[in-house]
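J.: Okay, here's what each chain looks like letter by letter:
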Amino acid sequence: DGGITQSPKYLFRKEGQNVTLSCEQNLNHDAMYWYRQDPGQGLRLIYYSQIVNDFQKGDIAEGYSVSREKKESFPLTVTSAQKNPTAFYLCASSTTGVVIYNEQFFGPGTRLTVL
Amino acid sequence: SQQGEEDPQALSIQEGENATMNCSYKTSINNLQWYRQNSGRGLVHLILIRSNEREKHSGRLRVTLDTSKKSSSLLITASRAADTASYFCATEIQGAQKLVFGQGTRLTINP
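One line per chain: the protein sequences are A and B, in this order.
Every position in the first sequence, counted from 1, becomes a number in the numbering used here once 14 is added.
Every position in the second sequence, counted from 1, becomes a number in the numbering used here once 1480 is added.
None of these hints come from the bench; they were simulated from the model.
You may find that some hints are simply not true.
[Said to hold, decoys possible] Taking lysine to any residue and the SDA-like style, the derived pairs with C-alpha atoms no more than 25 Å apart in a straight line are:
| # | chain 1 | residue 1 | chain 2 | residue 2 |
| --- | --- | --- | --- | --- |
| 1 | A | Lys71 | A | Gln20 |
| 2 | A | Lys71 | B | Ser1508 |
| 3 | B | Lys1578 | A | Thr93 |
| 4 | A | Lys85 | A | Lys28 |
| 5 | A | Lys28 | A | Glu86 |
| 6 | B | Lys1536 | B | His1525 |
| 7 | B | Lys1578 | A | Leu129 |
| 8 | A | Lys71 | B | Lys1536 |
| 9 | B | Lys1550 | B | Gln1494 |
| 10 | B | Lys1506 | B | Arg1586 |
| 11 | B | Lys1549 | B | Ser1504 |
| 12 | B | Lys1578 | A | Lys28 |
| 13 | A | Lys85 | A | Thr110 |
| 14 | B | Lys1578 | A | Glu86 |
| 15 | A | Lys71 | B | Asn1510 |
| 16 | B | Lys1578 | A | Leu41 |
What you are looking at is a predicted structure, and each value in this text was computed from that prediction instead of being measured.
Looking at chain A on its own, in the form it has when it is part of the complex:
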């Protein structure tokens, strides 16, 4: 099956801990994205990557870090510097690094809760 997988589905973090959310795609897409969704809200862009070994900050990058060492993988680390990390995190990918006319394909999401 082709698609995007995210793991884990649920993640609990103690204050002061860093956690890493996994995102893998086998769609051969160049571009990958991380979004944050708070209850009843839309999606806000955290980071995006248009090509391997390159990524850019989105609108709310503070307290987060990413890497793009492989085309199929784009892990997100939520650091202790992120003051309010409890949210639903969504990973997406698209066919090229240029979004024009391209839809984004989404993973099932990871729900992160800070204890």
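Position chain B relative to chain A; hints supplied.
T.: Below, chain B without anything else, positioned relative to chain A:
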């Protein structure tokens, strides 16, 4: 405020009725996309309309785009219980290689 703003925030109708959701945006766009999200799930792409298009159809979905008013509408005809979800518009702003999402419309179809 966000680039895309949707109206209404919530909509509840009877099965079989039509549902209309609206999206307004502020800056020039390359395209506008509509996505659906079932509760606790990822988003699913529904339809994309380019800035030079005015109307597009896909099954029971009809999307219009008015670039002079910077607005779009999504019409779902003959609604079904399975259409219950949140619907988001997303705009690709000219010069920005990313999508900006609205806050969504929560649609409930009552049997």
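J.: Looking back at the numbered hints, which does the structure fail to meet, lowest number first?
T.: Failing hints, ascending: 4, 5, 7, 8, 9, 12.
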